[in-house]
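**Student:** So you can see what is in the structure, the chains are spelled out below.
There are 2 protein chains.
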Amino acid sequence: MVYGCLMAVDPDHVLRTAAALLTRKSTATMDEVAKAAGISRATLHRHFAGRDALVRALESLGIAECEAALDAARLDEGTASEAVRRLVGAIEPAAGLLGFLYTENQLFEGEEQNAGWTLIDDRISALFRRGQLSGEFRIDLTPAWLTEALYGLLASGAWMVQSGKGAPKDFQHMIVELLLGGALRREES
Amino acid sequence: MVYGCLMAVDPDHVLRTAAALLTRKSTATMDEVAKAAGISRATLHRHFAGRDALVRALESLGIAECEAALDAARLDEGTASEAVRRLVGAIEPAAGLLGFLYTENQLFEGEEQNAGWTLIDDRISALFRRGQLSGEFRIDLTPAWLTEALYGLLASGAWMVQSGKGAPKDFQHMIVELLLGGALRREES
DNA sequence: ACCATATGAGACGTGAATGTCTCACGCTGG
DNA sequence: CCAGCGTGAGACATTCACGTCTCATATGGT
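So the sequence lines, in the order shown, correspond to chains A and B. Sequential numbering from 0 applies to the first sequence in numbering that gives the first Met the number 0. Sequential numbering from 0 applies to the second sequence in numbering that gives the first Met the number 0.
Some clues are possibly wrong.
The list treats identical chains as one, so a pair stands whether inside a single copy or across any two.
[Unchecked claim] Straight-line C-alpha distance at most 35 angstroms; calculated DSBU-like pairs for lysine-lysine: (1) K24 / K34; (2) K24 / K164; (3) K164 / K34.
Hints in this document: simulated from the structure, not taken from any laboratory.
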């Protein structure tokens, strides 16, 4: 037996690893998560009471990363289009985790969902609304739908990159261009 | 007997019910599926060897409905935009099921996925490519990405309708307008 | 040197879901 | 009327993941 030379597992490292794993395989067991993080299942349970607690922690991580991206994107500066572009670029590293949580949240039928998401939704919706008020964005698509669509496109983009069907370098361009400009060709004017 | 004998359960009805249930709760058990269909678990097992077989059957159903929608949308007629609009309208009833299968397929890591999806992807991609060749669609977004984005938007739209955050009557408009026109306001010309 | 602490390994019990089986019932067709 | 078939109900074994537990060991501080 090799008794590792270690003290104090870094909970954050465990979370990151778990996020990366669950992003690829959302049904991974606690054992797989532990192995992926390089710790034993017992230790994993010592840091996260159970699978629920782990998912909750991942949710908090996802919310934190979203808020960090929202802050970094400075949604109030410049045109709304520029802000959206910055936002997608900043949120890209968390896109996979968001996709996992996005589908995971649909299982919390009756249970109350973390209030953090509401705040995030509101901030993104506010961005789209700002674009509408400034005449930059069309007004027949509600901010709520644009927000939801952004989530969907982020998930699709992350999935495409992960499955190897798309290049990571195209991630931001693909999403922003489709979200803002759509598939139709613009008249040069 | 040639004719289905008596209280023969209608497998198609069972599938539809299962699709409706799993769309809402992707982790529903065989027991829940059976109860939802109004049959016993034993009978459910008699028609579908196991959960795997059930999911496979649902996959076939989803593929069939997609192909039916593709046929009904007459993708070769009129402008590509019109075809996309018809496609989204035709595929709307199956959007929930597609969303379920979309996330379910990501679990089939090593396993081969049904070849039917490839055919569907190709037909949709061909539509977008047609739009590009005719100068209708922009060429900096690949047909593959536009196809994937369509799936993502369908899933987002279906989820929004299901959660009550959006009206079913807006489904087609929301998706088509965003996919084709994007969020940016067009110059009146 | 000693002791507290954190970890790894693994055993153990529990619960849920699955898949298989049997048996009794009711309907249909002959 | 009777035989056949599909069904419902339920028992049963199995698998799997989870959560808890114990114990040996290595590390770090005192």
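**Student:** Determine for every hint whether it applies to the structure shown.
**Tutor:** Status of the hints after comparison with the structure:
1. With identical chains, the CA atoms of K24 and K34 are at most 35 angstroms apart both within one copy (14 angstroms) and between copies (29 angstroms).
2. Taking the shortest alpha-carbon separations for K24 and K164, both the intra-copy value of 18 angstroms and the inter-copy value of 29 angstroms come in at or below 35 angstroms.
3. For a Cα distance limit of 35 angstroms, the shortest separation of K164 from K34 inside one copy, 28 angstroms, qualifies, whereas the shortest one across copies, 40 angstroms, does not.
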